[in-house]
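Chain order of the listed sequences is A and B. The numbering of the first sequence is my numbering, which starts it at -17 and goes up by one. The numbering of the second sequence is my numbering, which starts it at 477 and goes up by one.
In short, the hints are calculated from the structure, not lab data. One should not assume that every hint holds.
[Unchecked claim] Derived pair list, reagent style EDC-like, types lysine to aspartate or glutamate, alpha-carbon separation capped at 16 Å:
id, chain 1, residue 1, chain 2, residue 2
1, B, Lys819, A, Asp1
2, B, Lys819, A, Asp197
3, B, Lys819, A, Asp208
4, B, Lys1079, B, Glu707
5, B, Lys589, B, Asp791
6, A, Lys538, A, Asp521
7, A, Lys(-9), A, Glu153
8, A, Lys211, B, Glu816
9, A, Lys563, A, Asp521
10, A, Lys368, A, Glu307
11, B, Lys819, A, Asp293
The primary structure of each chain is shown beneath.
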Amino acid sequence: MPATIIQRKHKRIKRVKVDTVTIDIIESALRNARFEMDTVLFRTAMSPGIREQHDEFPMIANLEGKMVVGQFGSFIWGFMQGYEGTIEEGDIFLTNDPYSVNGAISHANDWLMLMPIYRNGRLIAWAAMFGHMTDVGGKVPGSLPTDARTIYEEGVTVPPVKIYKQGTLNEDVLKILLHNCRLPHWNLSDFNAITAALRTANTRCIEISERFGDDVFYSAMAEMLDRNKRAMRELISRTVPEKKQYFEDYLCDDGLDMGPYKIACTMWREGSKCIFDFTGTDPQSISSINFLLNEEMFKMFAGVYMIMVFDPQILFNDGFYDLMEVRIPPGTLLKPLKPAALSCRTHALGRIFDILGGLLGQGNPQFMCAAGFSDSPHFMYSGYDKHGDWFQLYQITFGGIPGKPFGDGPDGHSLWPSFTNVPNEFLESYFPLRIETYETIPDTGGAGKNRGGNGLRIGYRFLEPGEISIHDDRWLTYPWGVNGGLPGARSRKLLVRQDGTEEILRSKVDHVKVLAGDLLISDTWGGGGCGDPLERGVDKVMFDVEAGLVTVEGAKRYGVIVARGGSADAAATAELRTEMKKVRGNPKLFDRGFESIDELKERCLRETGLRPPLQPQFTKWATKAGAAGSS
Amino acid sequence: MTYRLGVDVGGTFTDLFLVNEKTGKAFTAKVPSTPADQSIGVLHGIERVCREANIQPFAIDHVMHGTTVATNTVLTGTGAKCGLVTTRGYRQVLQIARSFVPGGLGGWVIYNKSLPMAPLACTIEAHERIGSKGDIVQNLDEAQMRADLRGLKAHAIEALTVSLINSFANPVHERRVRDLAAEELPGIAVSISCEVVPEMQEYERTVTTVANSYVRPKVSRYVANLKSKIEHIAQDVKLHILRSDGGLAGAKAAEQYPVNLLMSGPAGGVTGALWVAAQAGFPNLLTVDVGGTSTDVALIQNGEPRLRRETTVGDVIVRASSVDIRTVGAGGGSIAHVPELTKALRVGPQSAGADPGPAAYARGGTEPTVTDANVVLGYLPAQQKLAGDMTLDRDMASKAVQKIASALYLSLEQAALGIYNIVNENMVGALRLVSVEQGYDPRDYALIAFGGAGPLHANALARLLGSWPAIIPPGPGVLCALGDATTAVRDERARTYVKRFSDSSAESLIRILDELAEAAAKSLEREGVPRSEIRKNYQVDLRYHGQGLRLTIPVDLKQLKKQGLKAIAAQFDAEHRRLFTFALDLEHELVTLRAAVQGRGIKVSRSKIAKGGGDAGGAVVGKQMAFMEGKRVAARVYDRARLKAGNRLAGPAIVMEMDSTTIILPKHHAKVDSLGNMLIYPDTPIAARRKPRAGKHVGKKS
């Protein structure tokens, strides 16, 4: 039964004609409101993930729940259909259960809050926001256990509840939640911060509606959605071919020594509709790398990606959702069935962008970007310091942005919007460690006409005993290059013990004990190269060599020979480039850096120092339930 | 008899404002700017203003100057070739920056990062390490350092920056590297991070110090040249440069720490606006400075501009205090366009700039700009000349705006009004950043508009925000020079001091704040400010332990002595509640301690204008058809020079003066006050509001 919306004033808001300029004014006012939500949250939140790294997403939706500004998949419509209860002025809803919201949030660390916005007793809009809490309880600090088999091991979850009921805080529910978290005062502060951000959106929407009237406010939002739909229809018919395009990519492993896992997608157009079909994707994993992908969220990813590649002036919102259809077979890695564990979904989430790039690029190679830093690797370190105080660090690290048709990929940057690194001096002041190295690694970016960004090296020297966790990927497969560009380098984690012994850590590990004096060298991966490296200007290659971003040896991948004095040897370079072109033949559309998974596994130990992962084992119940569900 | 002189160098005019320090009597002059060597225009202006005042130049003892040299050096990328010394392992600190990619989801697809101001090829590492508590983990390897410094010679660097990890906690290695650099690279100016910005966060400290090095040679040359030219005609004169935070720096400090001058120009405008508004009786105001390509806005609370602990110029953000001025790419030259796919009307941020400029300038521009819209709307009458002597080409303006009209199926005038309305909205966006986003209700503020184009938009902006009156000072161009002349010499010292309240005490706080104030006061004394005139202010930056934000809280030392740290805590909680609607029951943590010292300002008695009655008929010079509020109306045109105190001008009206034009909309009127300011109000009484109150909280809806 759908939720009952309680309104004092029953007159229906109606669609009226609004002039262009008023729409533009309302559009910019809503956009400002959205950024104001961010500002309020960043400034008052305590989880470093939100505060320093900006792992949070705001949105403002119309009264039907369609997102008008923001960037995540609106599930408000779905929520209103599924919530059995009332929606009233002053209510704020809270949930962190991905299964209750069809993946609008994809792991329990994300606390999602929703607020209906009322004016004069009538619903006029919605605001929603979620942020990544440092800890929500469960079996490991940080609540992201790589070896969880079910979601029940990943912390406390709450289905959508009214955390504020008509403006009054439901303290009991909040107490239960906080009671189950390791850093309750952080959660409380973040909770307050999200509330404050929602109230900001509330105030702004009411102001706009007061200025223009509820009908105009509603109609302007409707027109913004229509505008987007018109633009996207045009864009889809221009860029998505009717012929089926297929692309696949991989997650290297699942944290249980099995892998790689395949994500497969086919894309084609029927009339003005674009269809994405994930048939062929591997079944859900028994570990926590599953990514419960919300279809609307995927539409948003696809839409944003198309807008960015083809026409960045289009304002992004939910307007075009009818123009896309997303088919994800249940029981797969991207539509796991409850109670599958979900916490470590970050790798699959990131890899979705590589899939999109590969799909859209085949029809428009001149616009294609390489594979990039499609992940947000985590590093965690916790324990008790010498005063007996608990410390718990959760950090996202960055890597190489892919080479793209418009230029090089930056070195050691974030593929995710608004994420920033945590200043190392800040880390050293608050946690018992020293960052001895913080630099990007030469030659790790894939060579190309436009170079992929270099991966990042962080040297963590631990000053207290404790435990660390690492969640990374692309240690086995490579970030691929396009249009002749070469793949970027893989990731690697090396633990150097105080006594000098060295150990290569697997890409996804928890509970690794460290002692004071141990050093972790964490290398993330580079971005793939874009375009023929032999066509990159020699001056550009030399600039990177002088900067130390490409080595003299690495310059040879561009066919550039550096003479003894440090400048390019023009004659030798010309000769080498001709020779390399001849040997190579035509540039490849995609360069994955391997021929087959078997061939890749065969050289795994030799190249990475780690045993190759085993063939994944899938649970029978999920594949069976999935087959039943989809038939 | 001694005089103070304020000098503002703009793109077109150099304005001068001369004040008799005893009597407060003031004189102004306006001369053409001389971009090739700005000092020529300045000297010419001095000559002119001295003649006006009938004095000899040597009667001037202080020259105060706001400059855009530092800003332009950054914007045009024409700074020095900089070397950089970092701690081993951190050579790429500028390359990695904060790993931030702007532009939202997928923004990386179109993001091309600009190159660091210190090239990696000129960056070397010091083998040393300081711990986070200031402990020396590894001694500096001096032999290696010397060798690598010598290696920089091959790169022909013009300036050097030293920024080592944790130097805010212990600067010993940075200082030593500076000494080594002085020996190995004689003649190269060295900036060290612990002196430029002794605060935590390695990237911000480094980029700020590098920015300092980057603009330093140019600024030094400029200041030195100006100083010697001025001293040539007035021997004992002291030259001061306006800082981004609205204080004054001596010539020497300006040459050493030019990163503090990045907002020098706009800060002069804010200071001038502040002074004018205070004279007119409005201590709370929003300032709007509309230029050709951008608009600068700021908020003034109780006669004090809000300060920010960072300065933004182009895509460079540095950790240097500045008046909280926000800039939007919306000005007279902003170009209107209609994207093909969405059919929306957009204005800016692309600008026609000064060259070719708006279509109406008839210098080859064909794109429709805000100025063109104003021309089509009839807001800039035919007899109005821009920049003194340029006539406007109405046909060219109409042709350009017609492009928008055709794309949107609107009449020419409706299209022009659309452009006018959208650009106003963009300016309001910036005004919201400094007001509502900081928890201030714009309805509690007056709005003061200046810059050539500000008065064209002031009435409309005030109406959008409910900020009354809209104040139009006389001679909006001279405002900056006035701001320069009336500014007090100021300096500050800060120290990072990250400590929870339980690990600190009021006594240690007071001791450190005293030390900081003393150091700052000494530097003021060196600038010739007598000890007796120095005022001291104290601030601390605070947060809840674990939070990332820091709020700046003013500290009263007496209160601190009496009540201890909890006095500060209560102030912080109140501020936190005002900004974010809630306070937390968590321990407070100190982040930065700061002392600011300031010399005495100066009293200026501005000459009052002649009194007249309510009728402003004597100043009417014509009539002009204009398109306002969607209708064609006949607006009276006034000559501002003929207005008298007490005059009331009913809208629709257009008021012309040499360097700007004011629009008074229908159902609004302007009153002329005794100082010649026009105060624009709506005809209907302002909606019944509570007594205006400072910093009313607006986050929560009643």
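task: Could you check the structure against the hints above and give me the numbers of any it violates, in ascending order?
output: Violated hints (numbers, rising): 2, 4, 7, 9 and 10; every other hint is consistent with the structure.
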